[in-house]
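Asks: Now for the letters of each chain:
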Amino acid sequence: KAGVTQTPRYLIKTRGQQVTLSCSPISGHRSVSWYQQTPGQGLQFLFEYFSETQRNKGNFPGRFSGRQFSNSRSEMNVSTLELGDSALYLCASSLSGTATNEKLFFGSGTQLSVL
Amino acid sequence: AQSVTQLGSHVSVSEGALVLLRCNYSSSVPPYLFWYVQYPNQGLQLLLKYTSAATLVKGINGFEAEFKKSETSFHLTKPSAHMSDAAEYFCAVTQGNAGNMLTFGGGTRLMVKP
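In the order they appear, the protein sequences are chains P and D. Numbering-wise (the working numbering), the first sequence opens with residue 1 and increments by one. Numbering-wise (the working numbering), the second sequence opens with residue 1 and increments by one.
Be aware that a few hints might be false.
Said to hold, decoys possible - If you only want the chain D side, here are some residues facing chain P, beta carbon under 10 Å, derived:
#, residue
1, Asn24
2, Ala98
3, Gly99
Unchecked claim - A short list of chain D residues far from chain P (calculated; beta carbon distances all over 10 Å):
#, residue
4, Val13
5, Ala54
6, Leu56
7, Ser70
8, Ala87
9, Val112
What the hints contain is simulated information worked out from the structure, not anything from laboratory work. Note that the Cβ used here is the ideal one computed from N, Cα and C, for glycine as well.
Produce the complete structure using the sequences and hints provided.
Replies: This is the structure:
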């Protein structure tokens, strides 16, 4: 069974541009969550989608957005990139989105560098 | 509000020695606690989780953690370190109705000396 797949693996953008990251969850998983990992702020929750609906949202500006498609694949978009958006963006999937009852599987992430 | 504090951003042990990684949490409701491990250039992998059943939780790769409510702690231990345990370890907390929204600690990098 394939794991959580994130594309691209690496991305370089300049300030002011926008970027779209993609995540394909494990087959059958309906919940997709996104996390930002930086050396300074650590791991921070961005948002979670379940059955195409945003269920939870972290404390990030509106420049960060996401969506989920009917096949459970998810994308996140960051508009008007800032230097501070440089980070590893991790996607995680689970069957129904309850970390207390089931296992959360993480992808290897997309490393975004903003110049 | 919830938070997690991991004491020691770097811990170094000798191969075969006891591993002890510290985690203290703050939560206004009964917490659910997790330990994850991250190897270089990889995502996070669940080691173990506490969900209010047994206070001593056994995980993969010989790791275990004990939930101590009076100390608000959930320290991770392994009796004998192996070189392959070198990685970064994250403690996380969530509530029962928070879906997959986890609050992570700052992480502890474990180094294992031969």
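Asks: For every hint, state whether the structure bears it out.
Replies: Cross-check of the supplied hints:
no. : hint   : verdict
1   : Asn24  : violated, 15 Å
2   : Ala98  : holds, 7 Å
3   : Gly99  : holds, 5 Å
4   : Val13  : holds, 23 Å
5   : Ala54  : holds, 15 Å
6   : Leu56  : holds, 18 Å
7   : Ser70  : holds, 22 Å
8   : Ala87  : holds, 14 Å
9   : Val112 : holds, 22 Å
The structure does not agree with numbered hint 1 stated previously, though it agrees with all others.
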